[in-house]
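> Going down the list, the protein sequences come from chains A and B. Each residue of the first sequence is one higher than the last, beginning at 530 in the numbering used here. Each residue of the second sequence is one higher than the last, beginning at 4 in the numbering used here.
By construction, these hints were calculated from the structure, which means they are not laboratory data. Wrong hints could be hidden among the right ones.
To be verified - Reference listing, derived: stretches of chain A covered by chain B, where coverage requires no fewer than 3 residues with Cβ under 8 Å from a Cβ of chain B:
no.: 1; stretch: 587 to 597
no.: 2; stretch: 749 to 761
no.: 3; stretch: 991 to 997
Claimed, not checked - DEER-style ranges, computed between Cβ atoms:
no.: 4; chain 1: B; residue 1: D211; chain 2: A; residue 2: S793; range: 34 to 42 Å
no.: 5; chain 1: B; residue 1: N106; chain 2: A; residue 2: G607; range: 50 to 58 Å
no.: 6; chain 1: A; residue 1: M873; chain 2: B; residue 2: G137; range: 35 to 43 Å
no.: 7; chain 1: A; residue 1: F553; chain 2: B; residue 2: L133; range: 33 to 41 Å
no.: 8; chain 1: A; residue 1: V779; chain 2: B; residue 2: P107; range: 34 to 42 Å
no.: 9; chain 1: B; residue 1: S151; chain 2: A; residue 2: S604; range: 49 to 57 Å
no.: 10; chain 1: A; residue 1: V572; chain 2: B; residue 2: G137; range: 45 to 53 Å
no.: 11; chain 1: A; residue 1: P922; chain 2: B; residue 2: G137; range: 17 to 25 Å
no.: 12; chain 1: B; residue 1: N111; chain 2: A; residue 2: M886; range: 50 to 58 Å
no.: 13; chain 1: A; residue 1: F684; chain 2: B; residue 2: P96; range: 34 to 42 Å
no.: 14; chain 1: B; residue 1: N111; chain 2: A; residue 2: A876; range: 48 to 56 Å
no.: 15; chain 1: A; residue 1: L936; chain 2: B; residue 2: P107; range: 53 to 61 Å
no.: 16; chain 1: A; residue 1: L936; chain 2: B; residue 2: N111; range: 45 to 53 Å
As the list claims (entries may be wrong) - Only some residues are given here: those of chain B computed to face chain A with a beta carbon under 10 Å:
no.: 17; residue: P72
no.: 18; residue: L139
no.: 19; residue: N141
no.: 20; residue: A158
no.: 21; residue: M163
no.: 22; residue: T165
Ideal Cβ positions, reconstructed from N, Cα and C, are used throughout, including at glycine.
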Amino acid sequence: MSDKAVVAPKPHVAHEVHHEELSFWRKYVFSTDHKVIGIQYAVTGLLFLLFGFCLMMLMRWQLAYPGVPLPLIGSLFGEARMPGGTMLPEFYNELGAMHGTIMVFLGVVPLAVGGFGNFVLPLQIGAPDMAFPKINMVSYWCLFLGGITMLGSFFIPGGAAQSGWTSYTPLAVIAGTGQTWWLIGMIFLITSSLLGALNFITTTIQLRAKGLTFMRFPFFCWAQFVTAFLLLLAFPPLEAAGVMQLMDRVAGTSFFLPSGLVVSGQALTNTGGGNPLLWQHLFWFLAHPEVYVLILPGMGIVAEIIANNTRKPLWGYRSMVYSLVFLGFMSFIVWAHHMFMTGMGTAMAAFFQTTTMIISIPSVVILTALIISLWGGSIRFNTPMLFAIAFLPMFGIGGLTGLPLGLNIADIPLHDTYYVIAHFHYVVAPGTIFALMAGIYYWYPKAVGRRMNETLGKIHFAGSLVFMNVIFMPMFIVGLAGVSRRLFDAGSAYDFAQPTMHWNVVSSWGAWSLALFQLPFIFNFFWSIRHGEKVGENPWQATTIEWSAPSPPPHGNFVAAPQAYRGPYEYSVPGAAKDFVPQYEVS
Amino acid sequence: MTKDLIMRGTRNRFWLAAGLVAVLGSPGVAVAATITGTVNFAGKAPALKPLAMDAEPVCHKKHGGKPAPNEALVLGSGNTMGNIMVWVSKGLPAGKTYPAPKNPVVLNQDGCEYKPHVMGIMVGQTYRILNSDGILHNIHTLPKINASFNRGQPATVKEMTTNFPKPENMFQVKCDVHPWMSAYIGVFTHPFFSVTSTDGKFTISGLDAGSYEITAWHERLGTQTASITVGASDTKTQDFKFAVPGAK
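Next up, chain B with everything else stripped away, as it sits in the complex (with noise of 0.2 Å):
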């Protein structure tokens, strides 16, 4: 009887360590690391040339016939900055892979603008391309690595798709019919990256312990980057702040 009961007793603890191990081992749970951050814009925000679109009536009037605000400086308040691009540019474990998920990254003209301005995919995605405008749109990748993919979206055709086979830093996206149309991508070789909203917030999850660089991207202002060590289940912070160079 006593046996039994320490027999069971053992074998209720592999189970529980078993469980604990599947539980724990398992990608996304609260084990992995994350890093988070804000990024602030230092300084006075230069004044930026609204985009005038009354060359486009459809889009002209879907921004009730004003121009639409400059989407490469967008900032919160308290000078926090959208569409800052970060992600992990060092320290991930060699050799590992990451698939790429199955839903596609999603790239909308609407009022003859690319929303959003900034977006980043892994390699092999499906980068879906809608037309909500119903007009002549031409989406024009700007790459280094990838081929450059330049194609017109006609009024009827409301939605095209695309991937990028190889890995590649931010890289302009515009429109050759609209000039002031323009957005960024990067491709990635990982899910480590994330776009910052209007609060100038970014979180990266899903991180194994190490020690990483991370990058953080603006259109213009250029790239900042900074080293960080992150434990098993650690939620770490990176504030980024980036400045208009030689402005006091």
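Chain A with its partners taken away, still in its complex shape (with noise of 0.2 Å):
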């Protein structure tokens, strides 16, 4: 790391000035404060995985115990959903879709890239706020819009969306009305991320504190940066793709309606000509670079974690960082190994399967040189720093097993499997929720003033590493014996899937018991919010620039506007007076 005083290209004002008092409504609820909007985009985001988390145990009872009434809650779903407590096929497609949509669009993208974003990154800037703080404020409302709309459907006729969170059309144009609320829903949501994205894209460039060249980033910030241009490009085709399916539903248009479509013996009267399949490539260029919106502000606070806990720099920062922006290039041109049973020519199926062994490549380099920058370190064992160590065998797991199914000959007996289920499990659950955990626990002194309960920390991450493994870990084995991820009764019905209907009862309890490691975590979350210990600005000892603001920052942010001297790992150093010096700091 150098410590060369570099210009930055636009230096911000100071900010001293006085700011009027705000009412209520403006201060927490229409605020155009980034710490504020990000706090919201948490909490929001932490409310719909606990919801989506909640769908899922509902779905769990019904795999591990196919056709047995649900005890206690089961009736309280009514006759249509859940006659006598047995679920019915087409409330557990609700449940399905619903859990997975929520879980990505609700749930981890507002918490790894509204929530930290928002609040982390102008903070490590060193920037006063967002470059655009009202459409900061509209795009957290775009997304609230969004969640409100899909919650909603629950309660429609016919209920929610039914056609898994791919919605793949032509099935998802003629189910029921629940789908033209989730078409509606996406519409909110992938504006709020539009919004978000250009908000990121221009602060990072814009707002740098004098002195942050961008290699001199945190790897965080580089994640984000990132991330933002996947969120940029990405979800353009699927709004497209969002609106065309909807004009197909309630217009009267087939864009994804082919010709001569029989359903249920009755022809359909469309006008024809669409292509269901467009909908496949639409909706792809979208879902797999959203994989990498998914996981890389999770790499980017995992890197800020070790980093800061093993008291040593990253090891090969500049490898991790070219990387990165390999792997965001890369992500839009592998899309279609997630469509290799729909037919394509080998020559297509040869390309894709080449990308996607390539984008492999970055991924590798990263997770090794995280894995790497543990070695001789001084390593400081707290919660955030658990979550962060877990992350990466539960993140190389979930990615080293996605290889097979980037070949087209391994993919097409596993498509569709539970193996497919594990596999981006691992890649999201103990990968990325671990690594938004651990920088709940790293952060929230930062946003409150006080530090999480490190014993309920601990116990939260013991119980969440063993169960999580417990319930995707049979996965495999139930995939790799053919069970389609998509039945009902998990297969009850056929003979070959017997010998692995026990696995999922060992899944099902998986589930419920990481339920419970998760209330330590809740009921933390809370009651440090006044009984946590308190701290002063700079907890871990960390060097990168949002520790110098106080804790919680002010309106503004910094007292005086901060400048960056140097590297953000400076961990360490030979000679220096403490094992840290601050980017922030002169000397």
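Put the two chains together into one complex, using the hints given.
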């Protein structure tokens, strides 16, 4: 890391201005302060993660004990969904589609990008706020409206969307009214992400502190920066596709409906000529970069925490940054590996499996650099670090098990089985969500001014680590036996699935146990707001700029405009007075 | 005394008249008209492909390991036709409403067949769907006016209920799991409908005096209508005859 002072392109003005006292509504509800909006995003994301988790726990009952009435609460869902407490297939489909949608678009993305991006990024680059604070507010409220639309769809006749989180056509076009709500909700959510992405890019480029060159960025900033480009470039095709599917459903168009489509023995009267595969292309053109939207912020968080808690610089910082950028670029040319089953030609399949193999290289570089960063470190095993360390093997399992799915010949038998579920959940659940949990424990003191309880944090971590694996590891076995991911009864009607049925029981008890181990976190999260250990501005002895702001930071963030004098990870510098040299300190 | 007797006789006649009015005016008594008839098939019956159910072992076994008869054309002796829906399609008094019965119309899934194959129901009347097979079925109604009902019925869900809020002529009910399963249902605002059994006979009773159009429907051979006028306590006969179009 260099000590040279570098001139930043656009220094911002120091904020020592007086701000008029805002009303409650302007301060906490329709706020334009990036920190409040970040917390709004984070809390919304956490609530939706909890809700999506609850949907999954209902599904897990059905998968473990297909056809058995759900005790105590089963009858609350009504005769149309669970007569006598027994789950009907349509309700299972609702739960499946909405679990995926909510976890991805209303849980992880709002928390990882909206929450951490909004709260941490401006602080970390030394900015007083986002470049467009009002657009930032609109972005959050678009997300909120999208969330309300998705939730509201559960209460309409016929219930919520049932066509999977992928909403494949033509099934989704002919599905019930819930799908229309899903599409409208998605349009709000996509609009939210696009506005946010524009803001992040502009803020990162324009509002950097003096001296904060790109190669002095903390890795988290790079991760958010690349993520914002992915959102900006990948979401518009899905927004267009969403509007087109909406038109197919309500305006009689047939973008995705082929001619001569017969449904339940009856010919559809649409005009025809549409192409169902077009939806898949447009959807996956978003949804594969979306995988990296889910994982890159997590990698950024883990990198910060590992550097801080090993008390040494990240190993291979530059390689990690170049890999990140390359990974972002490559993520746009791998989408069709989700579509090997559509009968694409061998030339196209060869192209997409080649790009898929190539994209694994930068992922491996980043993961390897993070693992090597642990080597020789004086590691502090606090709660954020435990989650960050656990992220590495969990994401590793998720990533490596994805390789067979990227190869045409292996994907065909594995496609749409529980193997796929296990693979991407390892990436996103014990992968990304562990990283997000690490981030919550790590930056909570900055947001609140108090630290979360360590003992409760470690209980939360230990239970989560064990039971995440109890849930998802058996799914590899079930998937390799060929059991389809979409079966509402876990395949109990099929002979070939019988030997795997007991694994569903294991997974389900794992899921319910995991829920139990989230209770310490929920309690800790609220209890620590008032009763956590009070901390100063830099409780972790960290080096990046956000730790120069008061905890919690005031409106405008910094008492005086910070300046970057060195790289982000100057830990254990030989000859230094202490084991960290913040990048915002002159010497 | 004489006056008393006269008064008593007058009183008796009054109560007798009142009683007659009360009895005759009440619904469902003999004073109402009835239309009955027989439906026959004309010509040589086409051979329909039996329903092979070997894809579903439970149902295959229920039919003794043999294909089940196709229910699209059910003929009795003398070519009488079963599964014909006959209903009053015009002529009912305008504005008169008929309450839906409290008892439900039952559709049973038994041996991967719908029982009955053809049925009528009144608007708002409970439609009770049973699963006697103990396997996954799916009930998918294909109406044009009412909302479609498309719901799976797993092995352990023995019973579901629904109803139809709007009147609608005959439409199909099918199972998306077992594509050979098919039934037909009509939704009426009145109770004047009847489905023929194998002997081809139907009876529609309880009608007021008047002129009516009655319609007979078969799932493949279409509809026929007839006009008929009935007096207050008439029983009139209206037969129908279906044939395969173009057949000699």
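> Which hint numbers doesn't this structure obey?
2, 3, 5, 7, 9, 11, 17
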